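Whenever a hint applies, use it, and build me the whole structure from the sequences.
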Amino acid sequence: MGVGILFKIAGIGIVTAIINIILEKSDKKEIATFVTLAGLILVLVLVLEMISGLFGSLKTIFSLE
Amino acid sequence: MNTLIKIIGIAFIGTILYQVLKKTQTDVAPLTLLATGCLLLFILAEPLTEAVNVFRGLSEKSGLNNGLFSSILRIIGIGYLTEYSSSICEDGGCVSLSKKIELAGKTVILLTALPIFNGIGELLSSLL
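The listed protein sequences correspond, in order, to chains D and X. For the first sequence, this note's numbering assigns the number 1 to the initial residue and increments by one for each residue that follows. For the second sequence, this note's numbering assigns the number 1001 to the initial residue and increments by one for each residue that follows.
Hints are not guaranteed to be accurate.
[Unchecked claim] Reference excerpt, derived from the structure (chain D facing chain X, CB under 7 Å, subset only):
(1) I9
(2) A17
(3) M50
Keep in mind the hints are simulated off the structure, nothing from the lab. All figures in this text were calculated on a predicted structure; none of them were measured in a lab. For every residue, glycine included, the Cβ atom is placed at its ideal position computed from N, Cα and C.
In structure tokens form, the structure reads like this:
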């Protein structure tokens, strides 16, 4: 739960971008869109985990529930 | 003091990553903003818990009944949450959604503040 997650997300984004470019060069456009989607979903899952942890800790701090 | 420096560092890293990702992969970029905001709030959680515990101790000592203090705490928490999510929506570009979230936060705060109004009403009627 440190800065590492930020770099992980950025890494996933850059890797998907590179794979996209490679796939487009070898004219496989449809696989490129799937790779973009997969990268986006992966990042979404990571961020969702972080947010649920954050909201959980906020709930305990402010006894919201 | 060092938490402040850590927060500033993480915020800078987040903005730089956002710019990098905006060029190569535009749909992942706003997610890094969300993640950075989340991380900053996580770091702010510890000092916040200390402040809340100090206030809880004070309120117990002063004999204020627990309901008042817990609703005040809840209102602060709701303000905290709505501010975070509405600024994230603004970053994503939809200002109208962030205004809706702020409106929802205000209504929920009003709802949690209702029992305090009842308390004041009863107090006044008992005085008169």
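Checked hints:
1. I9: Holds: closest Cβ of chain X sits about 5 Å from I9/D, inside 7 Å.
2. A17: holds (4 Å)
3. M50: With a closest approach of 4 Å, the M50/D hint holds.
Checked against the numbered hints given earlier, the structure satisfies every one of them.
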